[in-house]
Amino acid sequence: MKSGGSLLFVFVLLWLPGCQPSDQTNASQTNSGRETGDTTAASNGLSGDTSTGKNPGSSQQIRQQISAAVAARDPQLLRSVSRRAMLASGDDSGVYETLGNAWNTLGETDDAIKMFDAAIELADVPSADLFEKTGHAYMSVGRTFDTIELMKRCVELHPKDSERRVSLLGLMMSQGLDREAVVHLRYLIQRGQAGVSELVIASDLSRPQADNEMCRQALKLNPSDLRPQYAMTRFDAYHHRWDVVHEQLQPVVSAHPKFVPAWAFLTRAAVELNDLDTLQQIAAQEFPKGYEEHPQVWLARGVWADRIGDVSLAAAAYSEAVRLAPNHHEALTKLTAALARSGDLEISQTVAERAGQVNELREAVDGFLSWRRNSQRLAVVIAEKLQQLGRQWEAVVWLRTAFSLPQDPVENIKPAYMAARSNLTGQTPWQTFDSQWKFDKSATSQKFAKIKEQGWFNQTSTTDPSTKASSGGSPRKSPTRSISDRKYRMIDEAAARGLSHTVGMKRPSAKDGLWLWQSGLGGAGVLDLDLDGWPDLHLTASGGGQPGKRESQPNTTARNLAGNFVDVSRESGLADTGFTQGVSIGDFDADGFPDCVIANIGINTLYRNNGDGTFTDVTRWMFDDPDAAMTSDGNARTEVGTDSRNTWTSSAAMADIDQDGLTDLIEVNYCGGRAPYQQRCLDGKIDAYRSCQPNSLPTERDRVYRNRGLLAPTPLFEDQTDSWFSDSDPGRGLGILVGQIDGTEGLDLYVSNDMTANHFWRFDSVTKTLNEQATIRGVAFNHQSAAEASMGIAATDADGDLDLDLLVTHFTDESNTFYEQIRDGLFQDTTDSVQLGDSSQDMLGFGTQFVDLDGDSIDELLVANGHIDDFSHKGLQYEMPAQLFALDKGNKWQWVRDSATGPYFEEPRMGRAMATLDANRDGQTDLVVTDLFRPTALLVNQTPRVSEIMTVRVVGVESERDAVGTTVLVTSSNGTQMRQRMAGSGYQCSNEPILTFAIPEKDSEVSIEVQWPRGLTQNITVALPQRELLLVEPSDDN
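The sequence shown lines up with residues -21 to -1, 1 to 1017 when you count with mature numbering (1 follows the signal peptide of the UniProt record, and there is no 0).
None of these hints come from the bench; they were simulated from the model. Careful: at least some of the hints might be erroneous.
What the hints assert, rightly or not - In silico PhoX-like cross-links for lysine-lysine, where the CA-CA straight-line distance does not exceed 20 Å: (1) K466 x K871; (2) K485 x K528; (3) K664 x K853; (4) K268 x K237; (5) K853 x K490; (6) K868 x K456; (7) K112 x K139.
Given these sequences and hints, build the entire structure.
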């Protein structure tokens, strides 16, 4: 590095005599306050590298003079000594390094940097220490990106210096340069020099690692370099706050027009915001080569192509993003959806599987981080996920790391490590790919050739960023009345009508907090147990009990006698004492009387309606060998969490999955293993226990039981979990909805999972398996391609286009998610565009339902809220009000915060399950809502009604008796309304199985189309004022 050394020497000499005027006042103050130091010690500390000058004796004297100047704290003396030193030493880099140390000690950083820079340029091979101290000097004046370039040179000259490479890597990640950092991650991992931090970074490079404090300090010290501002926007980009990204990056690209990463993310922000001016600027811009190699550029182009309706071009652009970043989850999920929309379902499914594997890896890493990087089990899980993705190098290092992790132990790590290590050679690529999904650039080049000629973004959309493809139906007209004119009112009449129920959970002390298994209690099921036409209630309780035991407060069964409730829990035989969760209602034996499944933390309980208002426990009908599974009184013979049949079930549903006319059972399971009941989580900030994060706990596979239709010689229900749920990793299930969600023949199962991807299962009648398709359908993740803490589910035709849309409730800081069905079976997250995002951001939603409160044929949305524990020390609400949302005249959802709605919506609560019923049979839909601590509420709908109401019940003949999946379309003078008979109903609940339709008072008849589950369509005309209909499926003979 000595070339040009003479010129550098001349430059430094010119700098010393007086080009930098001294501050005499400052010097005087410094001299007057100087302290006597140890000159020898100072000399030792100021020595440079092992380089020596041409005159060793002279160099020693020079160093002593430098040390004396430093000891005297005298910059003027040091400047004089420096001149003599450089004249005497010539191009001795060691002297310059010593001078740099001296100026650094005196706090004259700019002078130190000049000396260090000279030392580096003069040295044959500058030492790593010299590079590092120079980098520290750069950093102290905010020259972060110069430090990165400096340390790149250091690593290039000292490739085996892992410590400096790690420092460079960390610095690059702190400034959002993840794509440049990859080469160093690979080097460290492939040579076994990576620690846990490097492994975590490599697992997901799209996860921002920027150091905001460092960036703010750099901007303060060196305001001319705005690139650290780019790094700070990476968090905003990760959370799709594109308005912030756009605002912050405009000045960055103006100041640094060749800084490709900022341009890439600005391109994405401009597309997302439909900023036509910026897009035109970008289209005319000449960029360095790296711009075309940045995944965000191609994601932006894909979003833009989607916007203008060119699905084929969108798929090509997303495939290019995937080619550049094969593990980029958002690129994979967007490609999956684009391929599905274009009809290429086979490749879409393959890409979806890849996206699912990447998401499972992210979830495992999140769990590992929640264990404070100490979980041996999760390190092994991460290695397994990496192996599935063809990332063998990382997998081996994770397995080796697992040996040293002290917590959450697993057995037999060594065989797994040895097997993985044996497949690794010096020729093993960084990552191997399945050619079925890995795209070659040539496959998309033709599509890009034409668009390149016309210019990207020259064909722009002038519509709202939420523009989407139509589902084929015509959206309904906007509401004509203002929200205030509708005068919504729902009053809690539980006490007045004799309904008395609590979950039985007592408030914990501030020190103890809640266990996770205590935090979600409170299921609700609506059933007409005696077929008198009045909806009865079954409400779960777990007070005083322990998971896996049958010693809890009994569940409540309340019989509805003409609108008033009487407790018949013991008389009905439904006083279940398990640690109960959700409720499923259905007629599994097709005798016309509703039966009941109670979800437990423990063995789930199956009750058969005897036909006289009483029930018999027939749980044994679900086991091949019931005596081996449970005692005669129903207690499990195993510990909870050690047996897949004795585990944590949150919700359940009954429906005919395989379309054989018999009702099957589905259990939605949450966390597995013993850890949920043994592991406590201490919040160090308040030195108190709080609920653990579920991602630190194992998942548990959902279970499904096929109804055989006969008892002998085997049980009525046979466990089909291994064959029907065979192709997807388990989630942490909380809610379930079953119906013909995609509008086509055959039932779909939609399961909301907590901190894992949601599941959308569809039964394949040929292979006799349930295929998981959530990613293809667009309902696995939110619009950021992130898995959320999903709880409740509600479904309705929210936009009037005659298909079902979905609402999923979520954790605090995530917002609830609205999935709009844009084509048959394909959904899009339009939460922000319909304005349901901000209003739920601070809430934690559980139960939710769509209900037409005022009879205008347009549903309102209700959500029960409440946290899982008291995290108020983090600024989070503990108890939260329930929310009522209504569509305004612009078809946007608004949170109705009118005190006239009723006191229930003003009081902070711990809301849990929410189910619909017409408690007083006045034609209007009411709600029952459970609460973790307070009495269960019965919200009676007192909203003024603008039309008559028609209720419809359906009974299957060729289909299962409950006819789950039946779609009813009623056409009146006010248009066509669509409702569907569904099962599951969301979070731990079962709704009353009636469909309600708003009918204008002046109408004399309505037309009804009934689409039965097995494919038969029936059309009838009904004369009014008929208000209650019982529709029976025609048999094949008819």
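Quick check: which numbered hints come out false for this structure? none
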